[in-house]
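Protein chains in written order, with this note's numbering: chain A, 160 to 429; chain B, 160 to 429.
Please keep in mind that the hints were generated in silico from the structure rather than gathered at the bench. One or more of the hints may lead you astray.
Because identical chains share one entry, a pair is satisfied inside a single copy or across any pair of copies.
Using 16 angstroms as the maximum straight-line C-alpha spacing, the simulated EDC-like pairs for lysine to aspartate or glutamate come out as follows [stated by the list, open to error]:
#1 Lys354 to Asp376
#2 Lys354 to Asp377
#3 Lys354 to Glu378
Because the structure is a prediction, the values reported are computed rather than measured.
2 protein chains.
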Amino acid sequence: MTAPAALSPAALRAAIRSGGWTGPTAGAAPGYLQCNLAILPAGRAEGFRAWCRANPRVSPLVAAGEPGDPRLPALGADIDLRTDLPGYTVHRNGEPAGHAESIGDLWRDDLVAFAFGCSFSFEDVLLREGVDLRYLARGEREAIYRSTLESEAAGGFGGPLIVSMRPLRPADAIRAIEATARYPLAHGAPVHIGKPAAIGVDLDRPLETLGRTGVPDDELPLFWACGVTVELAIRQAAPDLCITHRSAHMLVTDIPMPALRDRMPEEGLP
Amino acid sequence: MTAPAALSPAALRAAIRSGGWTGPTAGAAPGYLQCNLAILPAGRAEGFRAWCRANPRVSPLVAAGEPGDPRLPALGADIDLRTDLPGYTVHRNGEPAGHAESIGDLWRDDLVAFAFGCSFSFEDVLLREGVDLRYLARGEREAIYRSTLESEAAGGFGGPLIVSMRPLRPADAIRAIEATARYPLAHGAPVHIGKPAAIGVDLDRPLETLGRTGVPDDELPLFWACGVTVELAIRQAAPDLCITHRSAHMLVTDIPMPALRDRMPEEGLP
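The following block holds chain A by itself, in its conformation from the complex (with noise of 0.2 angstroms):
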């Protein structure tokens, strides 16, 4: 089941805030931007920052919220982080400790909020540069691998990148790269293309996968860096508490995918 397309970003959170929606957001909203979230403790969370600075790629900041406040208004007037993401998942020193859909009774009067762009909207900005997604035709999605390239570490966070993979024909691979470099909050261009063993990826022994994605031998495969990447950087962090989107549970901003181009991380939305 796939998230109500039809509805506005403000309507789709009035849903999923009032617990009528607690699905992924895929296909939600479609032209609007998806952000990953993640709330840590004021004591950490200058070192995330940086960290997140340090990997622009990773974790492209698109807004912080203030300690102990759960809005983020540059993103949507009334978003409140507590109720209006469909899932969450909560993070005890760094380990993965449950689900939830909604968080205001783990809510604290220390916790810092940022939001980051990720790859949710990339296809949307490749169908409209005209790139041909051929994986999507052939019933494909987008594999995610663990590589050997390391995230740049700073403020006590670190770990190895993740890359999500697409393939694609030589020509199409050339103008993704072009539409995504303009898109920085939304990952950027690829961290690497074409020769996977180089950064220790076997294309088949994907970390995850959203369906089976073979390269044919007229594609190459493209890979960006995901924002996975956050999970393994807060389990070798291990704040006491950090809360995050569930995996595909992301917050819908009413920010339209065209504003963001040429747009840099924490340059302040239009």
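Once you've looked at the hints, dock chain B against the given chain A.
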């Protein structure tokens, strides 16, 4: 022997005009746009312009003259196209008919000049954007191939697409695509990456090379549209007279490369 790098574009043109420099312009006036040149009779000029517009990666138009006017003030106040290139190739009925160091005796009232971007300043752009050009460090240069891709036929002009190949490591390939996409006037982004056979290229059989160029196992070949494509289009269209720059003997302009960033063909220059 290489052209004197220390001269300004205007001083270099003055040296060329006086006969003091008749060699290639590679390395001359670094950081300034060098242009390919094609001069055709007015009767074929609009057809050629249409073909350039249909193939902006092959022949991105930077400036065009009025019929009979050998000046291009947008590229340099003093430019006289009859004398300011160190070498010309004369084509009659599409066939090369010799070289010249000036073309005052060939000039006619109906000739129209077209200047378009070339890849001579390419390496400048790539180095400025942090691309590691290992082939230069190995003492190698780009290689030129005839591909099975075709330019888009228009105005009586057409023919096969000639491509220039540079090998880069994957992360540098991505950076190079991002960087060159920002310079549509210098051929823009590549037309192909990674699968030479898919565009009919045998890497061991270049059309021409400025030194041996290999592709190590950890690098990918990138292919950009090459201005040599114009020579084949002229051969096919066979105008009674066409004068081009002699290979590697370019029009050196007053336009600094950074001013070209994000500028489109015919957009007008600063």
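Checked hints:
1. Lys354 to Asp376: For Lys354 and Asp376, both the intra-copy (13 angstroms) and inter-copy (9 angstroms) Cα distances are at most 16 angstroms.
2. Lys354 to Asp377: Classified as both: same-chain Cα gap 14 angstroms, cross-chain 8 angstroms, threshold 16 angstroms.
3. Lys354 to Glu378: Intra 12 angstroms, inter 9 angstroms, cutoff 16 angstroms: intra and inter.
Violation of the numbered hints given earlier is absent; every hint is satisfied by the structure.
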